[in-house]
Amino acid sequence: MIAQQIINAVSLGGVYALLALGLAIVFSIVGLINFAHGELMTLSGYALLASLVLGFPFPMAVLVAVSCGALAAVAMERIAFRPMRSASVTSLLLTSFAVSSLLKVVFQNGISARPQAVAMPGWMTGAFSFGDFTIGVGPSISIVVSALALIALEVFLRRSVTGTAMRAAAEDFDVVRLMGIPASRIIATAFLLSGLLAGLAAMLWVAQRASVDPLMGFTPVLKAFIAAVVGGLGSLPGAVAGGFLLGIIEVLLQATLPAAIAPYRDAIVLSGVIAVLLLRPQGLIPAVRVQRS
Amino acid sequence: MPSLYRLHRAALCAAVFGVAAVSTASAEEIIIGAATAQTGVLAPYDQPALAGLRMALDELNAKGGLGGKYTVKLMIKDTRSDTAQTATVAQELIDAGARIMITPCDADPSISAGQLTQPLGIPTLTLCGSAPVLTGAVGDVMFGTYPADNVQATAVADFAVSEGKKKVFLLTSPDTTYTANLPEYFGKVFEKKGGAVVGRGTFTMGQPDFSAEITNIKGLADKPDLIMTAAYEPDFPAFIQQLRGAGVTIPVYGADAIGTPTIKALGKLVDGVVYTAAGYAEPGSKLEAFNAAFTKYAGHAPESTYEVNGYEIGLILDQAVKTAGSDDPKAIRNAIANLRDFEGITGKITYAGTNRMPLRPVALMRYEGGEGKHVETLIPDAADVPAP
Chain F
1 MIAQQIINAV SLGGVYALLA LGLAIVFSIV GLINFAHGEL MTLSGYALLA SLVLGFPFPM
61 AVLVAVSCGA LAAVAMERIA FRPMRSASVT SLLLTSFAVS SLLKVVFQNG ISARPQAVAM
121 PGWMTGAFSF GDFTIGVGPS ISIVVSALAL IALEVFLRRS VTGTAMRAAA EDFDVVRLMG
181 IPASRIIATA FLLSGLLAGL AAMLWVAQRA SVDPLMGFTP VLKAFIAAVV GGLGSLPGAV
241 AGGFLLGIIE VLLQATLPAA IAPYRDAIVL SGVIAVLLLR PQGLIPAVRV QRS
Chain G
1 MPSLYRLHRA ALCAAVFGVA AVSTASAEEI IIGAATAQTG VLAPYDQPAL AGLRMALDEL
61 NAKGGLGGKY TVKLMIKDTR SDTAQTATVA QELIDAGARI MITPCDADPS ISAGQLTQPL
121 GIPTLTLCGS APVLTGAVGD VMFGTYPADN VQATAVADFA VSEGKKKVFL LTSPDTTYTA
181 NLPEYFGKVF EKKGGAVVGR GTFTMGQPDF SAEITNIKGL ADKPDLIMTA AYEPDFPAFI
241 QQLRGAGVTI PVYGADAIGT PTIKALGKLV DGVVYTAAGY AEPGSKLEAF NAAFTKYAGH
301 APESTYEVNG YEIGLILDQA VKTAGSDDPK AIRNAIANLR DFEGITGKIT YAGTNRMPLR
361 PVALMRYEGG EGKHVETLIP DAADVPAP
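Quick note, the sequences are listed as chains F and G, same order. Each residue of the first sequence is one higher than the one before, counting from 1 in the working numbering. Each residue of the second sequence is one higher than the one before, counting from 1 in the working numbering.
The hints are simulated quantities; they were obtained by calculation from the structure and are not laboratory data. Fair warning: this is a prediction, and the values are worked out from it, not measured in the lab. Among these hints, one or two may not hold up.
[Stated by the list, open to error] Simulated coverage check for chain G against chain F, where a stretch passes if three residues somewhere in it have a Cβ under 8 Å from a Cβ of chain F:
no.	stretch
1	42-49
2	198-206
3	211-219
4	225-237
5	243-249
6	266-276
Note that beta-carbon positions come from the ideal geometry of N, C-alpha and C, so glycine has one too.
Looking at chain G on its own, in the form it has when it is part of the complex (with noise of 0.2 Å):
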């Protein structure tokens, strides 16, 4: 029907026009587009990361706004998970008149968006992605937030190195760039500081039994002293329960992605588990002091580091704008980049020198009696970090 179609368009245009109208009208005021995934598989890593940037955005626009002057607008988008989704969102985001782009926790959909706002100018930054191939796949405006895959997976390395481990089975999903690469990120670092890789297994997302992948673990004739995967939920919590079924007592460790509270719960299960995260709140720390306000803020405690590494995304880009001093798209971007040991809440944060994929610092944790315990919290040298 062409001219049910044409009075569509028409309305789009009226919308879009009566959003620029209105952007214009108040100078002070800048759109952050968040293309976030709120229902899906992301959404439990996308909700806790959106929550503590929105607690950041509440706090500095009660100061004044970005750098001061410049009062947050927050448009929010489901991306339902969808690639393609976060892509049609982002467009009604940037059309909307968004200036910062925030992208899902996952390299894939955040490409689609960088695809958009690359050509724009317009500075992306993923929430908590932590692929290292995410930023230059998009290009100059496309910022990681999270310690990146790579040197995720030298501290992890570094620790088993440390603890003697010797033989590593590397678990890995193709489906994914952070299933696939992580754990050979791991064994990359682990050959190089004298360990062997002596086996490797692939399995599906969402793939229901891992039984024949165990018998093959169990079958190694060179057995194994370390299990490294990069599998989470609800893979993880799969594969460990028949792993343990099958009396395999062989450590398991990951990387960021199963520190989360449904890993926790599994109690027992996970006892041993190694796992990274952001930071890791001593007493008297930053991060205690941020934990306690996050509680106060959504009425419930942090579920992970995602919400600090959310909160640190609005310090980050306050600073930008500050150090920019407008409002300018380009300008920010440039601030972004060339930040260096900018002070967050876990530590200090590094753009400049990098490619885009922020230096800091990587806490190592271990799961003991249902709790997760810290280890020790390091930055893993840069000659170390296996290239992306």
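Isolated chain F (complex conformation) (with noise of 0.2 Å):
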């Protein structure tokens, strides 16, 4: 039973650590929360469900989905965020907002208000077990692609020359580009990243949820946020280490409450994140500049 819920925790703070990865990481450079990211899962869930019901095989429609999340991320910086370059933080916000929006209009009035099945393969339910423990098949993949998707993050951002330079520019963006790097591609670099990320945690999300509607991305999002922010809002390994500490608070509250305080679950998590917040105002581990939206 124990040992069952620490694999449940694991696995959901991955997709929580991804999403929130994602947030920091266009946070850490422009300084924005991003709340359309959420949408950019949206758009990836119906890129996934276009593709299948196209008949491509399974591992390319997960394929063409993700990078479908990837290149809206990058259209969304060139259209709706790069004429606000120079605007406030505050205009940058209420951008990603009007963005989220629109695209929910869209969404719902362009393909449809109820939410699309998404026929995951039969393997996908299975489990196996060892003994009387049974793992399932979507929570081991879960576990694996974060793990993964983390890893080669590590890498691109310690060994690669564009990596090197989005670190730099995280703590101080004024200097890079004094080095002669070119802002806008740093930019759409981290968007790219981040709508990599979501497009990530969005299969993993439709695997756990067969369906994708209009409004999927509102939760995720929401999620993210709290734990980019507990983990020290513009700080990476802080995004994953807030990622996975919600995912376990959330488990192991559902997994204890009694019936009667259950529906109260919510609120005791976020009384959580405030405790964090008072005891470590910057968060678990606070970026290197710290910066608030």
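Grab the two chains, each in its own frame, and use the hints to assemble them into the complex.
See below:
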């Protein structure tokens, strides 16, 4: 039982970590919390559905869907955020809300207000067991994909020139520009990475939920925001830590709270977040250069 | 800016009186206000029901209108699935002269609209809201149209007992009256008929992850042979995907809100899931004829029985205006409240003697191989139906 719940917690925490990381990458460089991040997930979800309907093999469909998320993020930056680059943080924030609402309405009116079922392959609902202990294929994939994505991102940021430039930009963007590195490229890469992470998270999300709907991005972006704040806004290791912490607390409460108190689960989680912030106002692992949105 | 505000108010007054003048000018017209969700979470339920109602009203208008006399003008405003917005648009519709009000497929927004129509005596019908507490919460103008939650739950419980099910796990969500109460009604009937409730769990609507709850179900000392829930989309697909993914094969039963194309499209995943509907189109039945007519009217087949339910609302209103012999809202209300054994499309509908939630048949359905198969149609014994 306990081992099972630990797997549940790590699997959920991994998805939250991917989401929070997507928000944090953009925030660390542009100082924007992109609330339209959830709609990138929705878009990837619909792209997966469309590819499957068109008869693409499953791995191909996943590839198309994740790329759609990444490209949409770059397009979003180009169309909505680049013209606002010199604007205040508040204007950027409002722009992200506007993009989010706009996309939701487009999905609702252009596709359908009704959730669309996504038929995941049969093996994904399977489970394998060791003795009296069963692990679902879904949660296992979730854990493996999150871990691989986190490692890949770390390698990219440590080993590549663009990655190094991005880490530098997070500390002091002006100096990086003085070194002759084009700002647009850094920012576009940040959005590309955040879109990739949103696409991956969407695949894991949809695999567990079996449907996509126009409003599906709302909850994940909210969770990601909470995780990013708890971890320390703008700090990438912080976002990962915040994501796992949130996942673990949620599963733990769901597993242990008696039925009478269970409806207050979210309230208890958020109280926990406040407590963490009271003890560590800059988050669990604060960013090198602290900024507030 | 006070001057601008005054200007706005003047414009608003002009608009309201303008409309009032128009509505008195054509005495043979009756305005039906539809405060329904065109966007948001309720849209997948409101839209099919509204399509059915529109079809009925178009047909009636071609024959001279409600009661053959009053041409219907249907005014539709979007509530965005928001309770406060429902009250706002209901007020706008009342101001525009609505004499009958149609409200969304959920108790909370319907109650908020009912608070406005009750003092004015405007008959108010929810498209497919099925919480039995709904009509009592508003008052004598509020009518349900769909089989009530406690009636549906009784039908499913009767069926589960007849199948020999003994132990049930109830999965509820406190977020809406529907998801909170329907499984509990089921539990009451099930226990009364010899079954046992061996566990309860809750979820938050929109919750991403059911794994902890599912692990709890797996860990129950007293294993259930049935899970009853009123979760719908997107929670129901998530729950069942994760339940089956965790290797749990216990059957899951639900109610009307999972009788949708989305759930059906889940295919093998929902094999064996039992749900309810307002009727079943047996060959040669009125419902089959309706489905054909609707397909012609809308260009696509009905998605569920919400369409026919909406259509029946039109028929009920026609009958009520005929009986009332006028377009007076109070007379129409009384006529609906006294309706007895009215021949609808799905069967007989009775309001007389109820608390304005209709007595009508419930069809039990089961998903098999991606299709909804009819199990049986029944009207539960009134003595078995738990009090709201």
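Okay, the hints, checked on the actual structure:
1. Counting residues of the stretch 42-49 of chain G whose C-beta lies closer than 8 Å to any C-beta of chain F gives 3; at least three are required, and the coverage claim holds.
2. With 5 residues having a Cβ less than 8 Å from any Cβ of chain F, the stretch 198-206 of chain G passes the three-residue criterion, so the hint holds.
3. Counting residues of the stretch 211-219 of chain G whose CB falls under 8 Å from any CB of chain F gives 7; the rule of at least 3 is met.
4. Requiring three or more residues with a Cβ within less than 8 Å of a Cβ of chain F, the coverage given for the stretch 225-237 of chain G holds, as 3 such residues are present.
5. Counting residues of the stretch 243-249 of chain G whose CB lies closer than 8 Å to any CB of chain F gives 4, so the stated coverage by that chain holds, three being the minimum.
6. A stretch counts as covered by a chain when three or more of its residues have a beta carbon under 8 Å from one of that chain; for the stretch 266-276 of chain G and chain F the count is 4, and the coverage holds.
The structure is consistent with each of the numbered hints, conforming to all of them.
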